[in-house]
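Chemist: Following the hints, put chain B in place on chain V, whose structure we already have.
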Amino acid sequence: MVDIRKDASKPGNVRAFAVIILALGVLLFGGRIWSRVQPTPGKKTLEAVLFVTTQSMKQEQGVASASVAVEKVCDDLGIERRRLLAGQSTDNSETWLARMNVAGNADPPSLVFRYSNDDLETIPIPLGIEATVAAIEARK
Amino acid sequence: MTFESSSEYDFEISSDDPTGYVPRDYEEFPEFCFFKPYEGPVYPRRDWVELIELQRARYKTSPLLVHQYNKIEPMNQGAFGYCWMYSIIGAVLNRYASQGIDPVPSLSAHAVAAMHKNYRNEGGFCIEAAHALQKLGAPTSEVWPGYSMDKRLEENRAVVESRKLHRLVDFQEHARERVFEETMSALICPVNPSPVAVAFSWWRHAVAALAGTYRKRGRRIEFGIEFVNSYGAKWNGRRRGFGTVWGSKAVPFESVTVRAVSAVAEV
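Each protein sequence line maps, in turn, to chains V and B.
Going by my numbering, the first sequence opens with residue 97, and the numbers climb by one from there.
Going by my numbering, the second sequence opens with residue 9, and the numbers climb by one from there.
Derived by calculation from the structure, the hints in this document are not laboratory data.
The C-beta atom is built at its ideal place from N, Cα and C for all residues, glycine as well.
Misleading hints may appear alongside valid ones.
Said to hold, decoys possible - Lysine to any residue pairs mimicking SDA-like chemistry, simulated, CA-CA at most 20 Å apart: (1) 68(B) to 172(V); (2) 154(V) to 49(B); (3) 236(V) to 201(V); (4) 168(V) to 64(B); (5) 68(B) to 230(V); (6) 44(B) to 151(V).
As the list claims (entries may be wrong) - Listed below are several chain B residues computed to face chain V (Cβ distance under 7 Å; list not exhaustive): (7) 68; (8) 69; (9) 73; (10) 107; (11) 111; (12) 173; (13) 198; (14) 200; (15) 201; (16) 272.
Next comes chain V alone, as it looks inside the complex (with noise of 0.2 Å):
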């Protein structure tokens, strides 16, 4: 005799497994996609460097200041990039940039870098090309 019972189960225990396999799937990987697709509220990003420069800089601090090869890692990153003398008005210039103008004026020659949640944060200018390019680079 045929056990029709048994055979018409096999499909609801298929099922079942595969709800079981899908739940451990989003709750071992799902907050890791999620974190993809949505970004962690307040994990900031950097999104403008500005160079407060003084004549009486450092030659390694006015190289890094002025190189376009600062300029390009800034570009290939996505950063704005500007550059002022400190003491230069910034009348007619975005509010952003008047901000990170104000905090890089405090003790020029000084890097400000400003990231996606409006938090500034200010540094010396580095002393050459691969260390700024490193400060810009460890904070994006």
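Modeler: Frame of chain V, contents of chain B only:
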């Protein structure tokens, strides 16, 4: 039409080329009458080759590289004798690019010269152009089309607003007695390399100098200046609007450095 060529420059000079530089009368307009003296360091000639090489290969800081990287097209003065204003505006555009304004605004040198000369096609000199720019401001070519000599544009609201934006420029003048030393030093300075508007009395022409350069002539080194002209991108064949002058021909009659321009919003 006649052509002139020389080993002291890498282009041909045609008698038909528009120029317009009127050699400045230093008695009427003495040194530093409008602008303060150049404040940057002046490097001795023995350091120039090393600084030029560093700037080209390692630093990549010359105003010429800035001009080319930012794809600033050489301007064209057309049939007007306004080279003196184009030389200043060419240097100002370079400064905008080095300050990170991208794209660089398309400023109308023609408009400033026309307004300053009361719409006459007249020559002038570099400090005259720089002074007029500070006084009048430069509209962009979006609001002042082409070579327009329409006086009514001056009162146009968009032109007035545009002129306000492009007015604050910090110029410094180079001393006559060491004009070549200071011009070269401004161009090859590793701390703050600056573009320079230079005028050559032998050519009756002014251009925007963007780099110092050198070549070997037998056992000696000859220095030169690379510049962007205002005859459009088709001038000087493969150099596409750029040129070089060497030796005694590279010594400017007048030389004005652009140190900074007012920070403006990108468009």
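Chemist: Next step is simple, just say for each hint if it's right about the structure.
Modeler: Going down the list of hints, with the structure as the test:
1. Of the pairs offered as hints, the one joining residue 68(B) and residue 172(V) holds, with about 17 Å between alpha carbons and a cut-off of 20 Å not exceeded.
2. Distance check on the hinted pair: residue 154(V) and residue 49(B) sit about 13 Å apart at the alpha-carbon level, within 20 Å; holds.
3. With a CA separation close to 23 Å, the supplied pair residue 236(V) and residue 201(V) exceeds the 20 Å bound.
4. A threshold of 20 Å between alpha carbons decides the hint, and for residue 168(V) with residue 64(B) the separation of about 15 Å falls inside it, so the pair holds.
5. For the given pair, residue 68(B) sits about 17 Å from residue 230(V) by alpha-carbon distance, which is consistent with the 20 Å threshold.
6. Taking the CA atoms of residue 44(B) and residue 151(V), the gap is about 15 Å. The hint holds against a cut of 20 Å.
7. Satisfaction of the interface hint for residue 68(B) is found here, the shortest Cβ-Cβ separation to chain V being roughly 4 Å, below the 7 Å cut-off.
8. For residue 69(B), the interface hint holds, the least distance from its beta-carbon to any beta-carbon of chain V being 4 Å, beneath 7 Å.
9. The closest approach between the C-beta of residue 73(B) and any C-beta of chain V is roughly 5 Å, which is under the 7 Å cut-off, so the hint is satisfied.
10. Interface hint status for residue 107(B): upheld, as the beta-carbon distance to the closest one in chain V is roughly 5 Å, under 7 Å.
11. Because the closest C-beta pair between residue 111(B) and chain V is about 13 Å apart, greater than 7 Å, the hint is violated.
12. For residue 173(B), the interface hint holds, since its Cβ comes within 7 Å of a Cβ in chain V; the closest pair sits about 5 Å apart.
13. With its C-beta approaching chain V no nearer than about 5 Å, residue 198(B) sits inside the 7 Å limit, and its interface hint holds.
14. Annotation: residue 200(B) was flagged as interfacial toward chain V, and the flag holds, the nearest CB pair being 6 Å apart, inside 7 Å.
15. The interface hint given for residue 201(B) is met, as the beta carbon of that residue sits about 6 Å from the closest beta carbon of chain V, less than 7 Å.
16. At a threshold of 7 Å, the smallest CB-CB gap from residue 272(B) to chain V is about 5 Å, leaving the interface hint in force.
The structure shown violates the earlier hints numbered 3, 11.
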